[in-house]
Amino acid sequence: MGLIIEEIYVWRWPVRIYHWLNAICITLLFITGLYIASPILSPPIGEAVWYKNMAWWRYIHFGTAFVFIANFLFRLYWALFGNDPYARFGGFQPWKASWWGTSFKEQMASYLFLRRDEPHHIGHNPVAAMAHFVFIFLGSWFMILTGLAMYGENNPGGFIDSMFGWVMLFFGSSHIMHNMHHVMAWIFPFYLVIHLYAVTRHDVVDRTSVTSSIITGYKHKVEESPM
Amino acid sequence: MSAKQTFAEVFEARGVNRRDFLKFFGLTSVSLGLSPSLFPKVVRAMETKPRTPVIWMHGLECTCCSESFIRSAHPITKDIILNMISLDYDEVLSAAAGHQLEEVRKQIMKDYKGKYILAVEGNAATKDDGVYCMSAGDSFLNKLQETAADAAAIIAWGSCASFGCVQNADPNPTGAAPVSEVVSGKPIINVPGCPPIAEVMTGVITHVHTFGEIPELDRLGRPKAFYGTRIHDKCYRRPFFDAGMFVENFDEDSASKGWCLYKMGCKGPTTYNSCSKIEWNEKTSFPIGSGHPCIGCSEPNFWDNGPFYTRMAEVPFLGTDSNADTIGKIAVGAAAAGAAAHAVGTIIKQKVTPSKQEEKES
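Residue numbers (our numbering), protein chains in the order written: chain R, 1 to 227; chain Z, 1001 to 1362.
None of these hints come from the bench; they were simulated from the model. One or more of the hints may lead you astray.
In silico DSSO-like links for lysine-lysine, alpha-carbon gap of 27 angstroms or less [as the list claims (entries may be wrong)]:
1) Z:K1277 with R:K52
2) Z:K1263 with Z:K1329
3) Z:K1351 with R:K105
All figures in this text were calculated on a predicted structure; none of them were measured in a lab.
Could you put the whole structure together from the sequences, leaning on the hints where they help?
In structure tokens form, the structure reads like this:
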């Protein structure tokens, strides 16, 4: 076991709240979304007007979606204007060649077993930052835009339809947009598997308490104890 | 050429009395979604405006749009509907044929330059200079572009002319392309459906004639009055959808009870049309009303959107036909397998790599 030699406050409360609210929203959205696509529960007995069995699944999906969007925008605000070095967009500059330099290469090499030691990063390492950007940032944008476009279909010509209805033109038809929303939803469980594995692995290999850090906010620097 | 008669004159010549004349346009105004205050305007236009000359062309198609059109079932008989517009050219209905008929088209194009409506049924084959659709020694593609050049507006009848329909379904051997892809610079009204509803067709023409302009169109160029909402949102089976009461099999009791056809592959939730409002054949029924799921025939690429009778449409992905959930499960499985493999790699690395302590000692 290692000795804790330093405690670093990495994830401030906006980041932690975002993370867990996001986790809850995505779970709910994924489950209700799959259910809407293929409602598997047995039909109720009696008159249709007594029940809202399917309508509830949609209602929860839409309600959760708006929480998800608000949470996403909150995190976006924090990334753009928050005075938080570990959550800001500031350092994330993949359009520059230098961003893909030593630090990124070292981390990649470590993941590919090409390096002995593990590079240390206090916040996100560059590979993790890129993965979050592709899967969570772009993935969320995709789901939000297609989702709002579809939600707008409930009230054609309404506010949401006039703001987001144009998204459908990229897909050619409402049907294909529905399908792509469905396919892209799977990037979240896909990413969840990788995310959980990477976090567990880092916890075991670097022993920086990354897992508990998303609850407490603190990461630890550990020194290897003498034998 | 004699001056065009007005609608009222045509009706009178046909022995239709004033009462029926007003009734017809009352219903037409309602079906166009116009307010009652505009009704006198509609009637006035019908009384005073000469009939709009129409050139009706047929490309790669099955004539189901014409078949639907002649069944427009408001109080007026179908032949009067045919006479309402001054249908000056139509390959299917003309007594004349060949070069005689082509001369008529050229004459109309000259006499009513910039004033005639070009109604297009079917689409144009574009591959190999359009040889897959020829008439009167010329390709339909050339004739379409030539006639469109002097038209006031173009009405694209049916899914073929609007979006391509079965002709341009994968793999589209003739390079069939909808009107909007081969004609530019002209207002195009897309009236999709396979076929479109008869009353929608006559409604669109009435609008163009009455107001002298094209109706308000949505993002895909369809008249909002008829294609503004989804079948699903006006479906009389919607309470069964909301209650979660679905037909699982056509042989079940639920099918005869008229439950929701969502799980039978109904495309109502993604299809914009008036079937659940206007219905077909004098409001006799519409597909869902007859117990059949909507196949989404008025939507772009509906032939390529997977099977008609399954809910989960298939997504063409890397050349395979797999559905969204299959793709997703494979991806998640691959991620799990990758993570497991990487974990094994990490353990091996830990074992192989000497610890710092050992390094110091050595």
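Hints the structure fails to honour
The structure breaks none of the hints.
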